[in-house]
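Student: This is what each chain is made of:
2 protein chains.
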Amino acid sequence: MGKSYNNISMAVIRRLPKYHRYLKELLDKEVYRISSKELSVMMGFTASQIRQDLNNFGGFGQQGYGYNVEELYGEIKKILGLNNTYGTVIIGAGNLGQAIANYANFQKYGFNLKALFDVNPKMVGIKISDIPVYDVDELQEFTAKNNIEIGVICTPKEFAQDIADKLVKSGVSSIWNFAPVDLDVPEDIIMENVHLSDSLFILSYLLSNNNEEA
Amino acid sequence: MGKSYNNISMAVIRRLPKYHRYLKELLDKEVYRISSKELSVMMGFTASQIRQDLNNFGGFGQQGYGYNVEELYGEIKKILGLNNTYGTVIIGAGNLGQAIANYANFQKYGFNLKALFDVNPKMVGIKISDIPVYDVDELQEFTAKNNIEIGVICTPKEFAQDIADKLVKSGVSSIWNFAPVDLDVPEDIIMENVHLSDSLFILSYLLSNNNEEA
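Residue numbers (our numbering), protein chains in the order written: chain A, 1 to 214; chain B, 1 to 214.
Treat each hint with caution, since some may be false.
Which copy is meant is left open, so a pair is good if it fits within one copy or across any two.
Okay, derived cross-link-like pairs now, SDA-like style, lysine to any residue, Cα gap no bigger than 25 Å in a straight line [to be verified]:
no. : residue 1 : residue 2
1   : K37       : L183
2   : K24       : D165
3   : K37       : A144
4   : K18       : E187
No wet-lab data here; the hints were simulated from the structure.
Chain A on its own, in the form it takes in the complex:
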């Protein structure tokens, strides 16, 4: 199968989606070749940073030619694991859960959304973007039976730990958590948090320091 990249620092890994995003944009504009210098101006990284980052994966540029955008995009997709498919469920079918279910990139990149779950009897039984909403009581059984790898938690924070426990018991390998709380899970579970308020508070920090400067 593919290569494994276990000794690459998370700092490098966390920059890869940005490469993915910019290369996709270039392809959409039918740009097929780009120098590390041009890429660096677009992305706000130095050209040497870009060469270093990509060298971690074998390096894809050619001296005097630059990068083949299509090839580089394909490689980065592969490195990011976006050629695989992942059985996915969303818990919490409120606005946020629905926003994520409708999120265009979700299905396109292999995140195969199989069901949403909610406690609200008005939601149970309906479909969102053609995906059924089930009662949260059915979560464990469904997840175990359907080979689900990713559980997306979009519940209020009071319920998030309980949901995480159920997901772990039913065998998911990873949790994408939107509840504003850090969850306790076994070490082998991959946990990726999106703490919206953390990002908002950084904004207010920058705003309030900015104002004081002025």
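Following the hints, complete the assembly by docking chain B onto the known chain A.
Tutor: For chain B alone, kept in the frame of chain A given last:
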């Protein structure tokens, strides 16, 4: 007014919301005093990291006593600028815009949501959590007149740059961007991005490397 903290690294700043979150949780559990050791176990930072982080702001602990949770929480709130209020608008009243409008922390921490804007005539005129939805054509005038500081972009990515331009022209100081695209804005505009797919792609990277290890 308050102190300004311009020479503190963004790495430290980006950890502050996590302190805020954990201290808030301690207060909710009526824990009023904590050692840096206990805090470090909870948060997964080393005790020395915690002392270093907090020393940037003058240090709040007392040898042999630890931290007064309420005091420390209050200080971190102040440092994060959460004692101020910020006039805020959301552009894009779809699921994501609504999720953010309903987000409990929004109003509580001084983000004073004044209006949502949308292109959809079915949305214009309704209220979401008591906040009016206006036609996006009214964005510039409303924003300029109402002393809006934060524009939250929840539109599809095709419209995001145009909205950002309008926000800048009408005088906002900062943009909280949820559209999956990096926006061009003048240097003095504070830009905080929440690229959901970046986070999802990190998850798939970790998942696919994890699978190959096994």
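Student: State for each hint whether it applies.
Tutor: So, going through the hints one by one against the coordinates:
no., hint, result
1, K37 / L183, "between (41 Å within a copy, 20 Å between copies)"
2, K24 / D165, "between (37 Å within a copy, 23 Å between copies)"
3, K37 / A144, "neither (48 Å within a copy, 39 Å between copies)"
4, K18 / E187, "between (27 Å within a copy, 20 Å between copies)"
Violation of the numbered hints given earlier is confined to hint 3; every other hint is satisfied by the structure.
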